[in-house]
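The lines below spell out each chain.
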Amino acid sequence: MTTEREPAASVSEPASETEREARFLERIDAGEKIEPRDWMPEAYRRQLIRMMSQHAHSEVVGMLPEGAWITRAPSLKRKLGMLAKVQDEGGHGLYLYAAAETLGVSREQLVQALLSGEAKYSSIFNYPALSWADAGTIGWLVDQAAIVNQTLLAKASYGPYARAMQRICAEERFHERQGYEIVAAIAQGTPAQRELAQDSLNRWWWPTLMMFGPPDSESRHTQQLMRWRVKQESNDSQREWFVNLVVPQADAIGLVLPDPALRKDPTTERWLHGPIDWDEFKTVLAGGGPCARDRLRVRREVHASGTWVRAAAEAFAAKHASGEGAQ
Amino acid sequence: MSADSDTQFTLWEVFVQEKTGAPHTHVGSVHAADAELALQNARDTFARRDKLVSIWVVEAERIAASRSEDAAGMFEPGPEKIYRHPRFYRPANPKKKA
Chain R
42 MTTEREPAAS
52 VSEPASETER
62 EARFLERIDA
72 GEKIEPRDWM
82 PEAYRRQLIR
92 MMSQHAHSEV
102 VGMLPEGAWI
112 TRAPSLKRKL
122 GMLAKVQDEG
132 GHGLYLYAAA
142 ETLGVSREQL
152 VQALLSGEAK
162 YSSIFNYPAL
172 SWADAGTIGW
182 LVDQAAIVNQ
192 TLLAKASYGP
202 YARAMQRICA
212 EERFHERQGY
222 EIVAAIAQGT
232 PAQRELAQDS
242 LNRWWWPTLM
252 MFGPPDSESR
262 HTQQLMRWRV
272 KQESNDSQRE
282 WFVNLVVPQA
292 DAIGLVLPDP
302 ALRKDPTTER
312 WLHGPIDWDE
322 FKTVLAGGGP
332 CARDRLRVRR
342 EVHASGTWVR
352 AAAEAFAAKH
362 ASGEGAQ
Chain C
235 MSADSDTQFT
245 LWEVFVQEKT
255 GAPHTHVGSV
265 HAADAELALQ
275 NARDTFARRD
285 KLVSIWVVEA
295 ERIAASRSED
305 AAGMFEPGPE
315 KIYRHPRFYR
325 PANPKKKA
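Residue numbers (our numbering), protein chains in the order written: chain R, 42 to 368; chain C, 235 to 332.
Just so you know, not all the hints are guaranteed correct.
[Unchecked claim] Here are the simulated DSS-like pairs of lysine-lysine, each with C-alpha atoms no more than 25 Å apart in a straight line:
id: 1; chain 1: R; residue 1: Lys120; chain 2: C; residue 2: Lys285
id: 2; chain 1: R; residue 1: Lys161; chain 2: R; residue 2: Lys196
id: 3; chain 1: C; residue 1: Lys253; chain 2: C; residue 2: Lys285
id: 4; chain 1: R; residue 1: Lys118; chain 2: C; residue 2: Lys285
id: 5; chain 1: R; residue 1: Lys161; chain 2: R; residue 2: Lys323
id: 6; chain 1: R; residue 1: Lys196; chain 2: R; residue 2: Lys74
[Said to hold, decoys possible] Sample of chain C residues at the chain R side, in silico, Cβ under 7 Å:
id: 7; residue: Thr241
id: 8; residue: Gln242
id: 9; residue: Thr259
id: 10; residue: Ser263
id: 11; residue: Ala267
id: 12; residue: Asp268
id: 13; residue: Thr279
id: 14; residue: Ala281
id: 15; residue: Ser302
Hints listed in this document are in silico derivations from the structure and should not be mistaken for laboratory results. In this text, a Cβ means the ideal position worked out from N, Cα and C, and glycines have one as well.
My request is simple: use the sequences and hints to build the entire structure.
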C-alpha cells in the first residue's frame, strides 16, 4: 500500500535511533503533528495503538447499554435521538479503528482482539442501564466525560487521532444535550420519577469519575504520553474539570451528587470530589463488571451473525471484478 | 471465499465535497468489498449530518503518496524563488517622485 497506511523506510541518509528520536521530540516540541508515514519511536506507535484501539472498542461496546433502550424509548422524539446517538457511536468506532490502522495494525486484528476479550474498553460500559433514566444519565455524564477527554485529545500530536477526535467532538455535543434533557425531564416529574433520576445519578456518578483513569500517582502512562503531547492534561485534572461542569448542572435540575465529601475549595472556588473506590475500578477493568460477559457475548453473536453478509459482499465483489456479473 | 473467513474488506479513502464549487477534501476511510458498498459506507459514516453534494471513494492502495523523508527536497519552499511572487516586480512609475 502506498498511502498513509504504511510507514516507508527512509531512503535518505540513515540516522541513528537516538538522533531520530531527538528529531522526533523536536518536532513534538515545535507543535508539529506526526503523520502515519513519519518516523516515530516504536513505543509511541505501541502506545497510540493501545489508546486508539481501546477508544474504538469503547465506542463500539458503548452502543450496547443504550441500544437496549431504543425500542423502549417513551416517545418518537426520544427514539429518534437515541437511534441517532447510538449510530454515531458506531461511526465514532469506525473513525477510530481507521485511525489506529494507520499505525500498521489491521482491522481484522482489532476486531479479533475485542472479540477474544484480550482488548480493553472503557470500564463504564460494563455497568447496566437499568432504567430509562439511565439512558439519559449515560448521555449526560458519560458523554460529557468523553467530551472533556476528547476535546483534549483533539490536540494530540498524532494527526489521524487528532482529526478523528475533532469529528467526534463536533458530533458528541448532541449526545450530552439529549441525555441531560432526558434526565431533566424525569427529575421535574412526579416524586417517583424524581427518585428514578436521583437513583440513576447515584449509580453512574462514581463509575463516570473512574472513566478518567487511575489517579495521577498511579497512572503508568500519563507522564510519557504528556511528553509526547498525546495527552494534554493528567487524569486527575480532567476529572476535576468534569466535576466542575456537572455540579451546577445537577443543581439546576434539583439532583444531588452522591458524594458527601464534595466541597468547594475556598481559595480556588473549584469543586473537589471525595475519595474514589479504586478497588471497584480495578475489578471492573479486569472484567469483573456486572455486564462484562454479556457485552462480549453480544459482540460475538453480532459478529458471527454478520459472517454470511461479509461473505456475500465479497463473493459479489469478486464476481463483478472478474467480469462474470457485468452486463 | 469460505463462509468462515473473517475479512474486513479493502480500505478506501473518502473525499467529500461540501458544496458545489468547493474542492473534495479527505475526511477519513472506510472498509468495503467494492466501490458501491464503499460509497454507501462512506455516506453512513461521513454524511450523517453535514450537507454534502458529492462523495468520492478511492481504494487506498491506488493512491501514490510522497514520503515525509523526501519532503525537504520535494517541497523546497520559495525563499530562493522570490521571482515567483508579484512583490518581486516593481514597475518604474515615472509620475511618482523618488
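If you check each hint against the structure, which ones fail?
-> 9 and 14
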